[in-house]
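Enquirer: Residue numbers (my numbering), protein chains in the order written: chain S, 2 to 169; chain L, 2 to 169; chain Y, 2 to 169; chain A, 2 to 169.
Derived by calculation from the structure, the hints in this document are not laboratory data.
For clarity, every value in this text was computed on a predicted model and none was experimentally measured.
All C-beta atoms in this analysis are idealised placements derived from N, C-alpha and C, irrespective of residue type, glycine included.
Using C-beta positions, here's what the derived DEER-type ranges look like:
hint, chain 1, residue 1, chain 2, residue 2, range
1, A, A76, L, E154, 39 to 49 angstroms
2, L, L21, A, E154, 45 to 55 angstroms
3, Y, E154, L, L42, 31 to 41 angstroms
4, S, V26, A, W30, 39 to 49 angstroms
5, A, F152, S, T38, 41 to 51 angstroms
6, L, P36, S, T38, 48 to 58 angstroms
7, A, D34, Y, S118, 56 to 66 angstroms
8, S, A76, L, E154, 19 to 29 angstroms
9, A, A76, Y, E154, 22 to 32 angstroms
10, S, R109, Y, E89, 47 to 57 angstroms
11, A, P65, Y, S28, 41 to 51 angstroms
12, L, Q72, S, F152, 12 to 22 angstroms
Number of protein chains: 4
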Amino acid sequence: MDFYGMGESTEPATFQRPQLAPELVVSRWFNTDEPLTLASLRGRVVVIEAFQMLCPGCVAHGLPQAVRIQQTFAAADVVVIGLHTVFEHHEAMTPTALEAFLYEYRIRFPVAVDMPSEASAIPQTMAAYAMQGTPTMILIDRQGRLRAQHFGEVSDLRLGAEIMASTI
Amino acid sequence: MDFYGMGESTEPATFQRPQLAPELVVSRWFNTDEPLTLASLRGRVVVIEAFQMLCPGCVAHGLPQAVRIQQTFAAADVVVIGLHTVFEHHEAMTPTALEAFLYEYRIRFPVAVDMPSEASAIPQTMAAYAMQGTPTMILIDRQGRLRAQHFGEVSDLRLGAEIMASTI
Amino acid sequence: MDFYGMGESTEPATFQRPQLAPELVVSRWFNTDEPLTLASLRGRVVVIEAFQMLCPGCVAHGLPQAVRIQQTFAAADVVVIGLHTVFEHHEAMTPTALEAFLYEYRIRFPVAVDMPSEASAIPQTMAAYAMQGTPTMILIDRQGRLRAQHFGEVSDLRLGAEIMASTI
Amino acid sequence: MDFYGMGESTEPATFQRPQLAPELVVSRWFNTDEPLTLASLRGRVVVIEAFQMLCPGCVAHGLPQAVRIQQTFAAADVVVIGLHTVFEHHEAMTPTALEAFLYEYRIRFPVAVDMPSEASAIPQTMAAYAMQGTPTMILIDRQGRLRAQHFGEVSDLRLGAEIMASTI
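Chain S on its own, in the form it takes in the complex (with noise of 0.2 angstroms):
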């Protein structure tokens, strides 16, 4: 199936033929006993909300998105996990503000922070996906692969559509 255009979002090569989506790194996890994995996950749906605590854009749209997801869709057929993928002000959106700010906001999923590079500015999970900033948010099938990756706001029927495409 189309959709027409959807200017801010992007659309990886890996979309028109999926490849196996790319494992998280992560240095914390917040709302969960032990660490997940993409390959722990296998068998559904993955979709994954990268954003930074002090990007408005993430707070008021990518972020209460994610949360309608997890109460639309069934646990055993949709999972929703948070990457807090600071690439700026990284002196602010510490770990520690960032477990004030998912208590705050009520976020009870599960949150990984993105494990910071040494090189650059830019944490590794997000370097690996070639993301192009906040919010951005990864769809991921059953069989683990890539099928969407939205850089922006993408609107709530199309992304109901591709999770569905996803289950497939």
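Keeping the supplied structure of chain S fixed, place chains L, Y and A upon it in accordance with the hints.
Expert: Frame of chain S, contents of chains L, Y and A only:
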């Protein structure tokens, strides 16, 4: 795929075991040169937004959602149709009034006037689908089978997923 | 007190040197047992929301704002009146249709039908105030003088300030 | 003029018989070349938005409302000031984090960091005004008297009216 409970939406038995959707019974069309039938639209998903022009929930939620659907999905895959199912205030919601309404609200997709019944305030298509009121959103798959019927508000996320599921 | 520019709003000369507001010319009232006149409301601020029932901006913005005004200010200080100024689609926006509209949209404040003109599509009160279209929000002070007239959207902050200024 | 009840807002005794507002006690200023004092702003209405950068109600409602106030009223009449009253998560909401927040959220009006207290988690200005939490909106009239203090959301209509009343 399962969804979590959605208070206001209703799922007919046909959703589990979809049956052929009843044909539209129409007294007049707007925004189309020739009458449409479900039979002639076979091969595409059909989204029917049943509304009344003086129904606040239709004006605030149902119709804008139908417009978003039309803007999101390719016309070759998904057809959006409005159905004016007048079951109250018949003297106020005449075809003449509807024509002015469609013009002012810039509704561009085809809109059918549901055929009045001689025996009841409920028009004929509304009765055939056993609709409970307006707005009601109906999804019909490529094979012409009724896949979902929602009375009241339904989220874009869920609707996007259901539309995609109906294309398969 | 000065305001920063508000694109769509218009300020008649009467705002700087307020003059007596023209009396309403009305063919029919809803939501009141007896006809109202500006003269009889002297001593209170009068807020007039001029609208058409099929005007999207009136339904989405103007009328909800009028309801908020009624809910915010004490009735002893501020009176809210709707004025149905039909200047197009006359055959669709009849008093019968308006009655159904007011019922469905739960408009409880008094609503006047602006008296049609024999010579023009513009009804008589609309002409007397030289309104440019709908929605138009009119503020009349305790002395019956026209203090502000806004065509299109005006912010609640500014309107709140102007209502307070009209009470003095 | 009376207002109808507004659940969340609180009106100190000073509203009926306004008294001089306590002076701000500030550890650091942002967005201003030199420190401000209420005394130096005498002659203008002062609107103080007391907030915490990780308070969702402040980010979604209080701060955007403060921006609208700044955009609506002339600077010669009304001054808007932010006051960062950190009373929880002190380790997350440092001045360094606040600086990044103000940059990302494009807050351009002067923002004061409320002076921490040695004896309490509540900073000093917050204590002097007996604020109950954040967001709190404070209105001070041209004579420097406290005219209104609202904890939680307050409508733009009411706030616009109160700001105008404070100018007189």
